[in-house]
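Student: Chains as they are written, first to last, in this note's numbering: chain U, 10 to 317; chain Y, 10 to 317; chain G, 10 to 317.
These are calculated hints, taken from the structure and not from any lab test. Please note that a few of the clues may not be correct.
Note: identical chains are not told apart, hence a pair may lie in one copy or across any two.
DSBU-like cross-link-like pairs, simulated, lysine-lysine; straight-line CA separation at most 35 Å [what the hints assert, rightly or not]:
hint, residue 1, residue 2
1, Lys96, Lys162
2, Lys120, Lys96
3, Lys238, Lys96
4, Lys238, Lys120
5, Lys162, Lys120
6, Lys238, Lys162
It should be emphasised that the depicted structure is a prediction, and the values quoted were computed from it without experimental measurement.
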Amino acid sequence: MTTPDRTRHLLTLENLGRERILALLDRAAELRASWRAGTLPPLLAGRTVVNLFFENSTRTRTSFELAARRLGALVVNFDIASSSTSKGETLEDTLATLEAMDADAFVVRHKENGTPARLAAHARRASVLNAGDGNHAHPTQGLLDLLTIRDRKDRIDGLTVTICGDIRHSRVARSDVHGLAALGAGEIRLCGPGALLPDAQDFPQCRVTDDFDAAVEGADVVVMLRLQKERMENLAGFDEATYFARYGLDATRLARARPDAMVMHPGPMNRGIEIASDVADGARSAVLEQVANGVFVRMAVLDVLTRG
Amino acid sequence: MTTPDRTRHLLTLENLGRERILALLDRAAELRASWRAGTLPPLLAGRTVVNLFFENSTRTRTSFELAARRLGALVVNFDIASSSTSKGETLEDTLATLEAMDADAFVVRHKENGTPARLAAHARRASVLNAGDGNHAHPTQGLLDLLTIRDRKDRIDGLTVTICGDIRHSRVARSDVHGLAALGAGEIRLCGPGALLPDAQDFPQCRVTDDFDAAVEGADVVVMLRLQKERMENLAGFDEATYFARYGLDATRLARARPDAMVMHPGPMNRGIEIASDVADGARSAVLEQVANGVFVRMAVLDVLTRG
Amino acid sequence: MTTPDRTRHLLTLENLGRERILALLDRAAELRASWRAGTLPPLLAGRTVVNLFFENSTRTRTSFELAARRLGALVVNFDIASSSTSKGETLEDTLATLEAMDADAFVVRHKENGTPARLAAHARRASVLNAGDGNHAHPTQGLLDLLTIRDRKDRIDGLTVTICGDIRHSRVARSDVHGLAALGAGEIRLCGPGALLPDAQDFPQCRVTDDFDAAVEGADVVVMLRLQKERMENLAGFDEATYFARYGLDATRLARARPDAMVMHPGPMNRGIEIASDVADGARSAVLEQVANGVFVRMAVLDVLTRG
Numbered sequence: 010m011t012t013p014d015r016t017r018h019l020l021t022l023e024n025l026g027r028e029r030i031l032a033l034l035d036r037a038a039e040l041r042a043s044w045r046a047g048t049l050p051p052l053l054a055g056r057t058v059v060n061l062f063f064e065n066s067t068r069t070r071t072s073f074e075l076a077a078r079r080l081g082a083l084v085v086n087f088d089i090a091s092s093s094t095s096k097g098e099t100l101e102d103t104l105a106t107l108e109a110m111d112a113d114a115f116v117v118r119h120k121e122n123g124t125p126a127r128l129a130a131h132a133r134r135a136s137v138l139n140a141g142d143g144n145h146a147h148p149t150q151g152l153l154d155l156l157t158i159r160d161r162k163d164r165i166d167g168l169t170v171t172i173c174g175d176i177r178h179s180r181v182a183r184s185d186v187h188g189l190a191a192l193g194a195g196e197i198r199l200c201g202p203g204a205l206l207p208d209a210q211d212f213p214q215c216r217v218t219d220d221f222d223a224a225v226e227g228a229d230v231v232v233m234l235r236l237q238k239e240r241m242e243n244l245a246g247f248d249e250a251t252y253f254a255r256y257g258l259d260a261t262r263l264a265r266a267r268p269d270a271m272v273m274h275p276g277p278m279n280r281g282i283e284i285a286s287d288v289a290d291g292a293r294s295a296v297l298e299q300v301a302n303g304v305f306v307r308m309a310v311l312d313v314l315t316r317g
Numbered sequence: 010m011t012t013p014d015r016t017r018h019l020l021t022l023e024n025l026g027r028e029r030i031l032a033l034l035d036r037a038a039e040l041r042a043s044w045r046a047g048t049l050p051p052l053l054a055g056r057t058v059v060n061l062f063f064e065n066s067t068r069t070r071t072s073f074e075l076a077a078r079r080l081g082a083l084v085v086n087f088d089i090a091s092s093s094t095s096k097g098e099t100l101e102d103t104l105a106t107l108e109a110m111d112a113d114a115f116v117v118r119h120k121e122n123g124t125p126a127r128l129a130a131h132a133r134r135a136s137v138l139n140a141g142d143g144n145h146a147h148p149t150q151g152l153l154d155l156l157t158i159r160d161r162k163d164r165i166d167g168l169t170v171t172i173c174g175d176i177r178h179s180r181v182a183r184s185d186v187h188g189l190a191a192l193g194a195g196e197i198r199l200c201g202p203g204a205l206l207p208d209a210q211d212f213p214q215c216r217v218t219d220d221f222d223a224a225v226e227g228a229d230v231v232v233m234l235r236l237q238k239e240r241m242e243n244l245a246g247f248d249e250a251t252y253f254a255r256y257g258l259d260a261t262r263l264a265r266a267r268p269d270a271m272v273m274h275p276g277p278m279n280r281g282i283e284i285a286s287d288v289a290d291g292a293r294s295a296v297l298e299q300v301a302n303g304v305f306v307r308m309a310v311l312d313v314l315t316r317g
Numbered sequence: 010m011t012t013p014d015r016t017r018h019l020l021t022l023e024n025l026g027r028e029r030i031l032a033l034l035d036r037a038a039e040l041r042a043s044w045r046a047g048t049l050p051p052l053l054a055g056r057t058v059v060n061l062f063f064e065n066s067t068r069t070r071t072s073f074e075l076a077a078r079r080l081g082a083l084v085v086n087f088d089i090a091s092s093s094t095s096k097g098e099t100l101e102d103t104l105a106t107l108e109a110m111d112a113d114a115f116v117v118r119h120k121e122n123g124t125p126a127r128l129a130a131h132a133r134r135a136s137v138l139n140a141g142d143g144n145h146a147h148p149t150q151g152l153l154d155l156l157t158i159r160d161r162k163d164r165i166d167g168l169t170v171t172i173c174g175d176i177r178h179s180r181v182a183r184s185d186v187h188g189l190a191a192l193g194a195g196e197i198r199l200c201g202p203g204a205l206l207p208d209a210q211d212f213p214q215c216r217v218t219d220d221f222d223a224a225v226e227g228a229d230v231v232v233m234l235r236l237q238k239e240r241m242e243n244l245a246g247f248d249e250a251t252y253f254a255r256y257g258l259d260a261t262r263l264a265r266a267r268p269d270a271m272v273m274h275p276g277p278m279n280r281g282i283e284i285a286s287d288v289a290d291g292a293r294s295a296v297l298e299q300v301a302n303g304v305f306v307r308m309a310v311l312d313v314l315t316r317g
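Could you put together the complete structure from these sequences and hints?
Tutor: This is the structure:
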């Protein structure tokens, strides 16, 4: 398997490079301005984008779909449950079949790390966009988080960013860290219950702690991750209330961060578990800006990769 | 919860007012003429309509989808089963997320009364269109029924309209009655087996009876409702044959109505249970006109509410 | 039930006639050239195509959907599982309802032979395209196979074509045979284990055998059919390895065919059961050309049937 071409595919932000990341953020901001001015051109007219979601995610799929269709692309939501893949066809044959129908890009979500890379290695001409694979990467989430921080803070350089929750299983944390490090964040702190913290060597750039109060202290940005209910059941000694008490972000805890600290969450949120409702809905929350930017970042990625 | 804005949302025909209802019917007729002349303009180009169907209804969803897309809107069918809502996200957060992606209108069907109103109260900018909630309202069905009657009869004023079937659980009956009353129908008769009749105070405008022969006598319009199989099983002493004998519309019974009486049904029909096939397919039946008008009424509602 | 109009519907290639088949192939080739030159006009703008798939087939549905949408049609994927049909509505009423919404064409797949013909007999104005019914017919698969053969061989006339696999249950084999015979193929050989061979009278044009080596000898074209796993379980004495040994196409067996013989498969392929991977991916394989041509053949059928 050859290394996939970074100018054709987007598989991870790791080692993507500062320049390439900044170019995508700048393009997203340009497309956002065009959309809001009502002057977005149909840059992808005649192109076909296929959503290949092997894990449910209406939110991310809809964001990609709106991005592609607003740029004039034709989008096919490939229904995995009733597809040839479920009839024993290899994933590579499904990809080759859809490429033979002149698909230009595949948006892939899969529970196993590396599936998008495997498909990218097999694609003859089409682009592969990773929409989340296992706990490996979710690069468009990373990009939209970077854009949202840059919108509010005017920079990434030197910022202190705290990410809290189930870091061990989180592709969002990984892509955020790769993006933040590439753009020169000052300190990245990872926090969560011990059982949900990552192996230390996975995040050499970061400070890792299970003390949330300390992790929030003086932060410019606090990113809260969704806690999957199944994980909580495996956390000895935790229930929703104890989790919220120790790792939930409420106004008191947020007061430890900088006065102008911003709060983020990739959604969907568990209100009252990892985040208090007044924080989620407060002036410091950038949650809905993240969602809005998601569409523009995906437009930029589709535009840059397929029209390159 | 504030009262939702009637110029932005369509939640019920109750108290909507004669002028507003007539404006929607007139707009539907205009759009119908444009469509049939091949000159329908893409009035909703650049707009995004989200179908949020928490109950299955391919018929109604397809009607809304065709209405929106023929006007140039981009339509997203939000898949509830695989959505964040099923991951514990609140419905309000799902709405806010989709609004952040610049959704302009939500078409909502839900088994609980009031869900569309609840979402309308929460929407910051988007329109909410009720596509049926519990037994509360189905306003576009009411509007398409009014348009279909007006097409054939040239008026609503003074007409005698009989609605027969499971009135108690029917949102169609409620929206029909609200619309007919607003436009001055002469007499509205509600008929069905006792267990399926509504509480008297729910329909102060109507004559309620369990005698179908009497209810049909001299009617200008006969609206037959679909009987859900589950309901019949709970009706003591009824099976399909006895239901049809007492509350089914066949040619003999229809002969009691006016010679030019028209027959309606919101579909899907149970032939041989609430309606005889020869009546359903006969010259007096306006069933397919109702379906056709459904698309135009939904176009009108989308146009008037989102473009104001 | 009247005989459906062959200029409005496509139900089978049987008795369709050489001229009509050639006209469809020629139109497909024209549309292919336009698409590849980036000059395909929106011939179906304003038209509505409804996919009615009562059997799962993402591959065929996607091919039809791309064909229609690239020609500018609006496509609705009618969700059978949540539709009125599942609420007891007759299939004819579902069709009539969608026609009342101004559907122009129905693409129908159904496990029962004759369902598309039944719907065609009922359609008042719309075209019905058979996308596969039982083991009766799959006419667009037949057409795309003919186009693919003609592309490589410049003719159909006089060719020796071998079709191997589960002939008995295959609508692909039936439509291939009808098309090949109409265009003057020299010899058509059908091969498979005895239990999967058809009744002799079903294929009077063909030589039928259970000896694959003999059937491949000197062939110009070898069409391998997918073996459904359920069928194998009912084949006494067969497992995957024995099936592949006797009826799988590998390089050794292919060497018996003409040196320039081409290999085809309708997909999805069971690699290592009916076809060896090196043959499937080799230079003689036309499998991906079949897929590509599928889209253009479906464009041609939609264009010719709905625009006349």
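Student: All hints are to be evaluated individually against the structure, with a verdict given for each.
Tutor: Hints, one by one, checked against the model:
1. Lys96 to Lys162: This pair counts as between: shortest inter-copy Cα distance 32 Å, intra-copy 50 Å.
2. Lys120 to Lys96: Answer is both; intra-copy 19 Å and inter-copy 16 Å each pass.
3. Lys238 to Lys96: both (32 Å within a copy, 9 Å between copies)
4. Lys238 to Lys120: both (17 Å within a copy, 26 Å between copies)
5. Lys162 to Lys120: For Lys162 and Lys120, the Cα distance is within 35 Å only inside one copy (33 Å; across copies 44 Å).
6. Lys238 to Lys162: within (33 Å within a copy, 59 Å between copies)
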